[in-house]
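Using the sequences and the hints given, assemble the complete structure.
Protein chains: 4
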Amino acid sequence: MTTMRAAVFQGPGKIILQEKPIPAVGPGDALIRITTTTICGTDVHILKGEYPVQPGLTIGHEPVGIIEKLGSNVTGYREGQRVIAGAICPSFHSYACQDGCASQDGQAHGHGYKPMGGWRFGNTIDGTQAEYVLVPDAQANLAPIPDALTDEQVLMCPDIMSTGFAGAEQANIKIGDIVAVFAQGPIGLCATAGARLRGASKIIVVDGIEERLAIARLMGADATVNFRQVDVVDEILRLTDGRGVDASIEALGTQATFEAALRVLKPGGTLSSLGVYSTDLHIPLGPFAAGLGDHRIVTSLCPGGKERMRRLMNVIETARVDLAPLVTHHYKLDDIEAAYDLFAHQRDGVLKVAITP
Amino acid sequence: MTTMRAAVFQGPGKIILQEKPIPAVGPGDALIRITTTTICGTDVHILKGEYPVQPGLTIGHEPVGIIEKLGSNVTGYREGQRVIAGAICPSFHSYACQDGCASQDGQAHGHGYKPMGGWRFGNTIDGTQAEYVLVPDAQANLAPIPDALTDEQVLMCPDIMSTGFAGAEQANIKIGDIVAVFAQGPIGLCATAGARLRGASKIIVVDGIEERLAIARLMGADATVNFRQVDVVDEILRLTDGRGVDASIEALGTQATFEAALRVLKPGGTLSSLGVYSTDLHIPLGPFAAGLGDHRIVTSLCPGGKERMRRLMNVIETARVDLAPLVTHHYKLDDIEAAYDLFAHQRDGVLKVAITP
Amino acid sequence: MTTMRAAVFQGPGKIILQEKPIPAVGPGDALIRITTTTICGTDVHILKGEYPVQPGLTIGHEPVGIIEKLGSNVTGYREGQRVIAGAICPSFHSYACQDGCASQDGQAHGHGYKPMGGWRFGNTIDGTQAEYVLVPDAQANLAPIPDALTDEQVLMCPDIMSTGFAGAEQANIKIGDIVAVFAQGPIGLCATAGARLRGASKIIVVDGIEERLAIARLMGADATVNFRQVDVVDEILRLTDGRGVDASIEALGTQATFEAALRVLKPGGTLSSLGVYSTDLHIPLGPFAAGLGDHRIVTSLCPGGKERMRRLMNVIETARVDLAPLVTHHYKLDDIEAAYDLFAHQRDGVLKVAITP
Amino acid sequence: MTTMRAAVFQGPGKIILQEKPIPAVGPGDALIRITTTTICGTDVHILKGEYPVQPGLTIGHEPVGIIEKLGSNVTGYREGQRVIAGAICPSFHSYACQDGCASQDGQAHGHGYKPMGGWRFGNTIDGTQAEYVLVPDAQANLAPIPDALTDEQVLMCPDIMSTGFAGAEQANIKIGDIVAVFAQGPIGLCATAGARLRGASKIIVVDGIEERLAIARLMGADATVNFRQVDVVDEILRLTDGRGVDASIEALGTQATFEAALRVLKPGGTLSSLGVYSTDLHIPLGPFAAGLGDHRIVTSLCPGGKERMRRLMNVIETARVDLAPLVTHHYKLDDIEAAYDLFAHQRDGVLKVAITP
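Residue numbers (full-length UniProt numbering), protein chains in the order written: chain U, 1 to 357; chain G, 1 to 357; chain Y, 1 to 357; chain P, 1 to 357.
Be aware that one or more of the hints could be misleading.
Repeated chains share a single entry, so a pair holds when one copy, or any two copies, can fit it.
Calculated cross-link-like contacts (lysine to aspartate or glutamate; reagent style EDC-like; alpha-carbon spacing at most 20 Å) [to be verified]:
1) Lys-174 x Asp-322
2) Lys-332 x Glu-131
3) Lys-174 x Glu-317
Keep in mind the hints are simulated off the structure, nothing from the lab.
Below is the structure:
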């Protein structure tokens, strides 16, 4: 067998399943047979033509699978082993990686900016919504799955969980902090779980869908705010006795959530931003304290690499967090176009869709 | 003698010298006889009515003087001792102070935001452009001047040097970093000196006045960019081989400097902002990498307290930095209205004016 | 009424209950009527004459009570209000406090070293095992108790919980870390709870008493090691597949625990030490990697101040941690000598004793 | 030509120059023709049999040279290009590297401890005192030399400068700190230069050789202490008004220097240890404050990788530091046995010896 099925971006509005050659394996690569993958909000941006990707590219960046073939230079693994790899799949040998910024691999020494940093699967190389995916820099990126964990249990690790947790980690949370998380989609839910893991003593979450707010409570939220029912800023200031929050996490990528995250932030606090914005942002002078509020605004791109994946899987294996409620739907790879239709329109309470070839 | 001369804000456009009672000394206070003080850019904002201050308040926040009288609870000092105190004069017992954010003293538990954090002298209490100033929380704020140092040598410590250095400290500079500093007024010059002290290996400074760029070289700049002659962003990208800078420091408070500081920043870099802005800010999507650039934007308000002042004076005493070139003019307190006129119009190459009663 | 009962250190082996004057309240002080306090292991060191304290001093440093009288300079509180104060009761205005090391208040500018840093209650001033205690620097140290919490729920905050959590906070724990905690007395149990709160994914605890190991599981331990049954170092290396732990926390103060904590530590890991040692320590060359292991050894002294107390009480109020299992016994202040007898001999499974006047 | 001359360890007391095959180049390797190298104190430990190395291994770990041949997978370099590589030559793809501890590459997942972490050249693989050296993981480790710099100017980067600077970086130096550096051999001198670069306002150095103390002043020392003439601890406490130092850096590897570094350290301070110890260490109880001094003891192993080398060369190129005074002697590779004789006996004021094939 030399070909495989793959979900391929054909141009705006069009992702179709087609046959492609199974890729050849170079000395530093590994070929993974996908057993489970999923669709991400970014894939929908690509589908809609809002995010530039070359037509012909296989989409998807969340691989769970089995090593089919190892490159000649990759050691310490065996064919048949179950593995995952992070969505961002850094080389770890670049200047940026060595400088502590692996997610921006390849960015630090070129002219201009690329909006997605070091993200490769389904962005600059063929992705994971296929029967097979080629993992580059495999020695740095293949992360063995503990036997006790199912595919679905680790399906959030490559992107959603790594990103959401990064939002909490970069928020500089201290024990006893009050943290607000804006938007409770999959990444926001993981940010809530991450804030809980870092020791926040009160977590306030914001969304407009009650089902998501209910799941947020399972992830560790103490208080929920439905923006369709109350003024979010007033309500959070009320919940904090007018003090504001120690840290706020933005998990959607809009002016409204960014601005609210700033308006509820105490002087000296951190705004940790995870969203992919599609417009310029506006910082209102007052909440920014005219630049004198000792604020920090930080953005994070999904950390990758086998060590990150190992840690995240450990968190799941020791039952610190259960992300099972995030997988709401299941589809076969053959039906991926239907899965995109459901996911893109956010029908039927969908959070994440498990795709199996 | 029960009265003193003081420069008092009367309303927009009007700061006049008048007689005022010498303040009474409470148990935690100290009365300082001012021997040297100065005018800050913020004072000019007040003068112009751009920054809200109660009419009747004595202006100024950079005290060098002699202890005239100590409150009953203040120990370890003696009357007649030469001291300075920081512009921000924190209590150090508030929640914000104990939480590591002394400059935002009193801010963390109230409703809403005050644009100047914990700044007190010449903002919420009488200031230093007078014959005497009352220092609250004196135990925490009086910093003895080493005998070897003159008034003028320590005149920058209470605000300009503490603020400028904070810009460098918060920029997260590592040995070998390339740092750009936008605007080379007094604070920007101190940020340049601070970046040098933290180990930046290449410091690029930006201003439109050649005299300031020349002084910047004395403070440690390696390359200068005159924004009247070249496109700043293009030039800095050229000077860094297209790589961008590891950290950029904004020291003016305008959209143009803020935006340029972001445009030259590498993914993973830090934008350290010091300026007092007077308009909302705009973050362009591309340079912000759509929120995915692992950027940090931090703002800082002048650190105060006796330990900070002690450290800054040590830096001057051991000749790490010589800020003498910043004091370009001298005035008597009686002539302070003329000093404001010179300083507000930035005539005659003025950087800082030493005022002596 | 001008006198009160107080547990007073008379000399080695002798702590007795006696009458003492109720202290006068200075402008910066507050007089607290104790409603609950407790005995700490350090008190037993004092009782045994192993730790130098002036005879005549009231012992105890964990106050829960009601404001009886406020000094004239203390604002924002009311008499009758329920409060706690940390065991270390820093001024927050000293050089050490402003330099980020409040627990070493008063230490940074004197000759020589004092083994207990800034610890005051029951060490350099009268303590809390009495009907009343005088709190110095009350503005910085009085922490109001949330109405929903009982005395016993907050009784661990002033010392045990603050110290144990500091051990976890200083261990530099990252999400997914494996952490070992050596000794599961009250402080070790709180270190276990703290490690859990910071996101450790596997927590291994060591003690020789099965009851303590059982409580450790309630506090968040994943695996327990009884040093009376197995070789601790071998067992922890086995539990970590030979990898060692990312961080180890020492919570006893002996060569054996310190050395084991080092022997199981991975290269690049942190040994966070909480114990009060009574002998010189010995660092074996091999586990120290001859000084080339990128190790960190950090020691911590109980953080104090009202902000720290506020945070710890929040953690309890939001049910992140339940320290109720630590209070195993109850005594009246009149029976405190019997309480010391029980506690010093560690009879009857005692962990902490609640003392009520 | 298929053979080359190399300085080979034959057993204790015996390093001789012999012919060896020029190594074959694998896909991830690069073959470097050495143009300059040097002898390190660790090499003398090996020579004396104090540090275990396989007989037959080529010694040396400080390469300056020209790319002779690139492996097929190495991109972005060209043959003929001048490069250096760090003494520690990490893969950057291991778990330890991804976890932020590249110097301990390969250590985090094995049983037991290896005293030299990830050090490879002249330790686990053939070293640099030869005509050619094979660089593994070349993509991560080859660092191009700026044209303006001579071989000798960058000769300290691979080890001495990287290690000495790490000692300063890990000492957590803040602007205005007082820092003591114990021993002013090549690494201690670089630690002094590093402390200066990080903003220490007073640097006190200790050695027994006046020539070294004189060079220390060129590197940035403010005060020198000759341990042959005064009691080091008393003198440093005197120089700091009894306060102690904010950070102390140990750069020799003996109980005496380690202990003195602790004895002069303020509560809350950091002891940054660089030395290779050859005996167990002893921590005296008093200076360790019985474990309650909020001290940090950190050890560091020479950081490597092309980004680190790039930064260090930038520091030299912009004249922040001039390490030329450290190269005191020059030898041909043919005379390396004489160079070892001079260096091992520390004759003739030797600091570092440049070796050229």
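Hints, verified against the model:
1. Lys-174 x Asp-322: between (23 Å within a copy, 19 Å between copies)
2. Lys-332 x Glu-131: within (11 Å within a copy, 60 Å between copies)
3. Lys-174 x Glu-317: between (25 Å within a copy, 16 Å between copies)
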